[in-house]
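Q: Chains as they are written, first to last, in this note's numbering: chain A, 1 to 392; chain B, 393 to 1193.
It is possible that part of the hints are untrue.
Examples of chain A residues toward chain B, derived with CB under 10 Å [claimed, not checked]: (1) 126; (2) 129; (3) 134; (4) 237; (5) 238; (6) 281; (7) 282; (8) 285.
Everything labelled a hint here was simulated from the structure, so no lab data went into it. Glycine included, every Cβ here is placed at the ideal spot set by N, Cα and C.
Now for the letters of each chain:
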Amino acid sequence: MRDAYIVTSIRTPGCKRNKGAFKDTRPEDLLSFILTEGVEKTKNMEKKDVEDIMIGCSFPEAEQGLNIGRIASQIAGFPVDVTGATVNRFCASGLEAIAQAALRVMAGWSDIVIGGGLESMTYVPMGGNLPRPHPEYTQKLADLYASMGITAENVAHRYNVSRESQDEFAYQSQMKAAEAKSKNLYKEIVPTPAARYVEQEDGTYKKETFLQDFDDGIREGTTLEGLANLNPVFAAGGTVTAGNASQMTDGAAATVIMSEDEVKALGLKPIAKFKSYTTVGCKPDEMGIGPKLAIPKLMKLAAMDLKDVGLFEINEAFASQALYCINELGIDKQNVNIHGGAIALGHPLGCTGAKLCATLLNNMQERGVKYGVESMCIGGGMGAAALFELCE
Amino acid sequence: MPRKIRSAAVIGSGIMGGGIAALLAGAGIKTLLLDIVPPNLKAEEKNDLLARNRIVKAGLDAALAIQPALFMSPRDAERITIGNLEDDFAKIADCDWIVEVIVENLKIKQDLLKRIEPIRKKDTLVSTNTSGIPLKAMSKGRGKEFKQHFLGTHFFNPVRYMKLLEIIPGEETLPEILEFMADFGERILGKGIVWAKDTPNFVGNRIGVQGMVKVMQLMLEEGITIPEVDALFGPVMGRPRTGMFKTADIVGLDTLAHVAKNTYELIGKDEDRESFVLPEFVNTMIEKNLLGKKSQSGFYKTDLTPDWQKIRKVIDPATLEYEEARPPELPCLAAAQKAKTLPEKMQAIVYGEDKGAKFAWKAVANNLIYAVNRIPEISDTIVDIDNAMKWGFNLEMGPFETWDAIGLEASVARMEKDGFGVPEKVQKMLKTGNTSFYKTENGTVFYYDFESESYKERMVSENILSLAAVKAKGMVVKTSESASLIDLDDGVFCLEFHTKLNSLNQQIIEAIHEAREFINTEGIGLVIGNQAGGMPGAFSAGANLADMVAAAKVNQYEGIELMVKDLQYGLQKLRYASFPVVTAPYGLTLGGGCEVCLASDKIVAHAELYMGQVEIGVGLIPAGGACLNLMKKFLSSLPDVVTDFDLAKFFLPVFMAIAMAKVSISAADARVNGFLGPRDRIVFNRDYLIGEAKKDVLKMVDEGYAPPPKRKIKVLGQAAQGMVSVEISNMLNGKFITEYDALLAKKIAYVISGGDVRDNAEVEEDVILTLEREAFVELLKEEKTLARIDHMLTTGKPLRN
């Protein structure tokens, strides 16, 4: 197998669903922008050089429907012979898209492929516009469709993750993000045009565009007391609150992957190699334990030890599950989500896997870390994990 | 030019001002709410609009926050603009009515009226909501045109719920202005008008406060306890459950003291002036800030035991210590509770032998005499005094109705024996053979008029169609113990329920069928409504649960199913009858009562409407067609051309309303919930309901009424059940609901969605009715349902099992 090189990995800011900077920005616009930027930021490469575009999306319907991978790449101005696909593995869709793109290169089937992810939770809500759980199956067992919050409560309850430790974890996420934002450490963010509808003097409205260059869900003023005062949302007497759960967010991300030959031909300095990827299943009603199962499986696959991994991006769907997985794996917290996680930055479902890739690679370069792991839990009861190796 | 109130200004944003603004906004009137600029603004705040409006903003916020709600719908606040008396005063020039509700201080009120005079546009009404300051003094120095448009409009707290509106003519108020305000207050604001004179504290507070203070004095003299007083002056005397002292706690002891003191000072010549002097212990309580509800402690307070049980305590007037309040035991109370009618209960109290009865007799006799002595000083008629006490203090009977109830002759004889000074005019009245204050002849009520020393007809607005009066005229077509069909003339008939809380039973169901058959040949339209009293009263509180349980306990399921079917088809056949059916709900309109309305062509509802399908609370589901008709009501707002829509968006709110037993907090709220549709109408005056419903029947007939076509209904089918199963499973896992709640909710979803059919299938209406019926009967076989019903019947509260 050939090596798959990542030469560019970028993301839009993550902005709060319904209230954030992207609330009036169509998902196609977010995605076509980041795809174009991915090409622009890859020296000597043009849109026509890309063979295929694989886009992760958890609710590929309505504005995100009709194969968003093709729609958005055409809107972005890729030639008609550049193809596009939509990939869905719910919360791991973005990572799945990158993995499949990498695999195409590794197999020798393609030379340049873009993997990415997109979710506008403003335009297409969690669960989609028309949720229709299977009537007979849900009569017997509704776990497969259970609210994510309930699964987080289950993890907290079954594995004794206290409210205090969840709040503390959430607080740290916010503080790390606040610091990274103030020090301008999110180098993977590309300032992104956002739309808004502005009332004119005569009372009519006009669409205008502005540049958004930061994640707008970060709460610098978060305090432990404030978090402690929030009421549980999903269960009476529960521990999962709006403060220690991830935010619902809009965003897009793109990663350009190519073969060694192409890297040389274009005269590029690659960032990292995409080494390995795996998925694993678990009980739907405690889907949050996914990373705990996926990461060891990945290590085994790569014949590596956790000690060799310098940085982790483990998606903070909920403090309860993220904290449980980190503790169970015995990972040093200093090396996990060093610039904050989804509790502060948001979890734009299908985009998350692609977004975390950009963040992890940025952080690996910042710290000079050789191996990095990205992992997340997946609704429905799964985990996914991927291994990246920084290029010298 | 017709006079209109297009917009109004309310000056003063305290609890009364906020309440009046909320009422006006609810009635659809643009309202400007003004208050003073805070007097202690810091230098940097002097130009800050938010700071300058701080007081009025706080007033509006308080009015929005208070419970029970002053606003019928929070959205009504959109009609209210706030401002302050410096920056926004000129805006009152655009208002058709300016009502002042500011601090009770003559000088400040005079100054305000002086400021209003040059700014108000000519012809604008100006009124005061003062409860005690003479209008004459207030308007001193104002010009003629101003005084011609100046009057008193005295609302009672809480404004939304208290029916009384006292109108006080000023010295020079034009008659047409008074007539206009009386009509506006009655028709648009839904109030009951009492004509008062410009005397201290007008009618309601004069009689009411005298009664309260006198009771406090007598209580100490006679050695009666506070809980005993409240029991004696509670429901057995046709008074609210809160009795005297709990009411005083709600009003606030400081407010009560203020009114009493103010009256005392202004009524130098009053023969019973001393009955406005509060006992010393009450003044001490006020000094100690024991003011009632607002300071958490008054005559009563509620403590918590270490294990979080509430414990009601009452103050001992002698020591001012609180002790546990125990239900009083007096023979007269026991006798009154056994008595059937209110007059019998009252007689048991005032003519009893024990110390409680003797005390009650003294208090009642004193208050009756005080009231009759106030004619014509404060009011010309006994009717106005009775109405003021009923509408302003929630009594079932005013003083003169009470006097009739305990027997005028007998009570006067006792008064004479006990040395009460029976007023001469009452003695004279009796001597001329007039032995009651009211009498009814051929459906018309007459009252005794002291001035002419004769009976006069008790006039009511021509908008009020009184069922009692029509019935007394012999216009009852059919009747049973539970329901009557009444001829309202012009071919329109009224089906009146008259069971306890107007709950539905077999006889009512039969009456529904009979009414349809009768009107089909003999009439042109039907009104379903009643005029049972009470606050908030009940159009119908649902089906008679006791009947259901009794039948279930002897396994009479077939009988139950038949009865349910009879109700369903009684209502559905009315729906498709050849004539229009208008329902006129008010107050509690629950369960089966709600279903009667949902099946009708049009609802003419009172503004105070507590409407919902609450069956799940007793472990049942609606089975009088609500699962069909609420969904139909939602879908009927769509034109036929809209064929492709997400049925789930309609299904979910219908399902939630029934599964969560959602009850509206007003008619406006019922419209938000979809129980009232765009064709339905809201009427502010409850007394108008039957008359307004009849008008609608006549209008529908006039417009060429044709019954709606019977069509299949589109349902969400199994798709709904999948959606609901998941949500219910989440709520169950989150411990928000019980296993049985979950079972009930799924059953409701199953029925509304049409059972085992695919999504967007069109099914016959009968399918849903069949599913309703089956589910209802099945649930009645469940132990947990029977336990829920039992619990409701014995405690009045729902059981979550």
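Q: What hints, given by number in increasing order, does this structure fail?
A: 1, 6, 7
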